[in-house]
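Line by line, the protein sequences give chains P and G. Here the first sequence is numbered in our numbering, starting from 1 and rising by one per residue. Here the second sequence is numbered in our numbering, starting from 1001 and rising by one per residue.
Keep in mind that the hints were calculated from the coordinates and are not lab data. Ideal placement from N, C-alpha and C gives every residue a C-beta, glycine not left out. One should not assume that every hint holds.
Calculated pairs, DSS-like style, for lysine-lysine (alpha carbon to alpha carbon, straight line, at most 25 Å) [as the list claims (entries may be wrong)]: (1) P/LYS50 x P/LYS93; (2) P/LYS140 x G/LYS1096; (3) P/LYS187 x G/LYS1222; (4) G/LYS1111 x P/LYS69; (5) P/LYS181 x G/LYS1046; (6) G/LYS1096 x P/LYS69; (7) P/LYS187 x P/LYS174; (8) G/LYS1096 x G/LYS1016; (9) G/LYS1046 x P/LYS183; (10) G/LYS1026 x G/LYS1218.
Computed footprint of chain G on chain P, listed as stretches where at least three residues anywhere in the stretch have a Cβ under 8 Å from a Cβ of chain G [stated by the list, open to error]: (11) 54–66; (12) 177–186.
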Amino acid sequence: MAEYKLTTPLKEEDVRKLNLGDTVYITGIIFTARDEAHERLIEYAEKGEKVPVNLEGAVIYHAGPIVRKKDGEWEIVAAGPTTSSRMNKATPKVLEKYPIRMLIGKGGMSQEVLEAMKKHGVVYCQYTGGAAVLAAKNIKRVIGVEWLDLGIPEALWILEVENFGPLTVTMDAKGNSIYEKLKQEQKKILERLLSQL
Amino acid sequence: MERDKIEEVAIQLLRKASIFLPIDVKNALKKAYETETSETGRTVLKTILDNIAAAEQLNRPVCQDTGIVSFFVKGRAIDYKVIESALIKATIEATKSIPLRPNAVHPITRKNSGDNTGVRIPGISWLYKDTDYLEITATIKGAGSENMTALYMLPPGEGVKGLIRVVLESVVRAGGQPCPPVILNIGLGGTVDLTFKMAKLAMIRPLGVRHPEDDIAKLESKILDLVNQTNVGPMGLGGKTTALDVKIEYAYCHTASLPIAINFQCWADRRATARIHPDGSVEMID
Ligand code: SF4
Chain P
1 MAEYKLTTPL
11 KEEDVRKLNL
21 GDTVYITGII
31 FTARDEAHER
41 LIEYAEKGEK
51 VPVNLEGAVI
61 YHAGPIVRKK
71 DGEWEIVAAG
81 PTTSSRMNKA
91 TPKVLEKYPI
101 RMLIGKGGMS
111 QEVLEAMKKH
121 GVVYCQYTGG
131 AAVLAAKNIK
141 RVIGVEWLDL
151 GIPEALWILE
161 VENFGPLTVT
171 MDAKGNSIYE
181 KLKQEQKKIL
191 ERLLSQL
Chain G
1001 MERDKIEEVA
1011 IQLLRKASIF
1021 LPIDVKNALK
1031 KAYETETSET
1041 GRTVLKTILD
1051 NIAAAEQLNR
1061 PVCQDTGIVS
1071 FFVKGRAIDY
1081 KVIESALIKA
1091 TIEATKSIPL
1101 RPNAVHPITR
1111 KNSGDNTGVR
1121 IPGISWLYKD
1131 TDYLEITATI
1141 KGAGSENMTA
1151 LYMLPPGEGV
1161 KGLIRVVLES
1171 VVRAGGQPCP
1181 PVILNIGLGG
1191 TVDLTFKMAK
1201 LAMIRPLGVR
1211 HPEDDIAKLE
1221 SKILDLVNQT
1231 NVGPMGLGGK
1241 TTALDVKIEY
1251 AYCHTASLPI
1261 AINFQCWADR
1271 RATARIHPDG
1281 SVEMID
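Next up, chain P with everything else stripped away, as it sits in the complex (with noise of 0.2 Å):
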């Protein structure tokens, strides 16, 4: 399992050479998104409209961050992931228009999402559930907010990120998913478990 530092905007190569279970920290600019940033997302392009940031070789973040004003800006108090199969319907659309080349979250997301992951080049990375602290630590700035009007958890925050992680990549976009993987060993695991009581 490698570990690796990759810097924003991300190519494609760089997100297709990454396998399940390595290591990923992040520097330069990431987005998040949640429920319904993804929906205005899909609006747009179904619109035909350009939305108000740009995308190319974009990293999204499932989170709804603690956010206050400090001295007239803004500081990211929390922001740890947000579960992100909320988003599995919104999803392959999002990543059909729109050239974004990795996602993190936690938990996970479906088959669908794994299958336009593959044909997008996209690789989804989890990081640690609740870690809402040092991933705010590894924040440097909040660059801009775009869609405020959702409400501070689902607006678009812009971030300059340092080091962003660890982040584990856990569906790659060759199509593999740590998720689909244990889930079978762990049926085994229960089956047998079970069949001991």
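Please arrange chain G with the ligand on chain P, whose structure you already have, making use of the hints.
Here is chain G with the ligand on its own, set in the frame of chain P:
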């Protein structure tokens, strides 16, 4: 007892609970890090420990999901009205000053109150305890783990085997979603209101403290051992630390029922307790 004092103590408890994990939880996580053999599992546990340290250092909530606030109030002579108003006020104040993320919404309209209060929230459980002091435990519970809660009404004939089966199945089904390593708080027996209540009483019992009855204590250890063989592991990425502990509380139940409530608690097991003595002195309990 003075209303202001209770409010002040409750704010302190929420601050402590949201930022500092109880010592029993921290020790269990440290021990897990030492014994975990999966490489990914160790990375996850290290991240959790680093995060806990960063939260303490920067005085920030240990997880961004600062959950739903619940209080457990114990004592002999409880002035319900005064305490309730103090705890609600404390929740509003703590939300502003710590700050906590406002999470409380109407279940249908989904409108957020903005201050973590609302109809019947913060939750308050009134528990009788024959003491002259008032004991308040504040807990903060995120949605990721709470959403994995399961209730089973098993045929009584399934007994202990049935209990173990549903726990193991629930743990594997939940996978990484409740942010493992988890703590399983289980309510056994009762009518369902009690079943859940007992799971929540198990939640406020510190890790490593076994049920006073030997049979139940053994069952807790046995289930913990089995759960840690499932290879769910830290954050569901595989490993032998799936749960830090399993705690069971029980009540008698109908001869034709075997209710089981399984309440998942994530590693961010946030609780803090204080006692307010009749002379006004406050004792913080870890
Ligand atoms: S399940 Fe717990 S640790 Fe995970 S995000 Fe929710 S509150 Fe935080």
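Right, here's what the structure says about each hint:
With a C-alpha separation of about 16 Å, the suggested pairing of P/LYS50 with P/LYS93 holds against the 25 Å cut-off. Restraint check: the Cα-Cα separation between P/LYS140 and G/LYS1096 comes to about 24 Å, which is no more than 25 Å; the hinted pair holds. Taken as a hint, the P/LYS187 and G/LYS1222 pair is honoured in the structure, with Cα atoms around 20 Å apart against an allowance of 25 Å. A distance of roughly 23 Å separates the Cα atoms of G/LYS1111 and P/LYS69; the hinted pair therefore holds under the 25 Å criterion.
Under the criterion of a C-alpha separation no larger than 25 Å, the hint pairing P/LYS181 with G/LYS1046 is consistent with the structure, at around 23 Å. A threshold of 25 Å between alpha carbons decides the hint, and for G/LYS1096 with P/LYS69 the separation of about 13 Å falls inside it, so the pair holds. Between P/LYS187 and P/LYS174 the alpha-carbon distance is near 24 Å, which keeps this suggested pair within the 25 Å criterion. A distance of roughly 15 Å separates the Cα atoms of G/LYS1096 and G/LYS1016; the hinted pair therefore holds under the 25 Å criterion.
Straight-line distance between C-alpha atoms of G/LYS1046 and P/LYS183 comes to about 24 Å, which keeps the hinted pair within the 25 Å bound. Proximity of G/LYS1026 to G/LYS1218 is assessed by CA-CA distance (about 23 Å); at most 25 Å being required, the pair is judged to hold. Interface restraint, the region 54–66 of chain P with chain G: holds (4 residues with C-beta to C-beta distance below 8 Å; minimum three). Counting residues of the region 177–186 of chain P whose beta-carbon sits less than 8 Å from any beta-carbon of chain G gives 6, enough to reach three: the coverage restraint holds.
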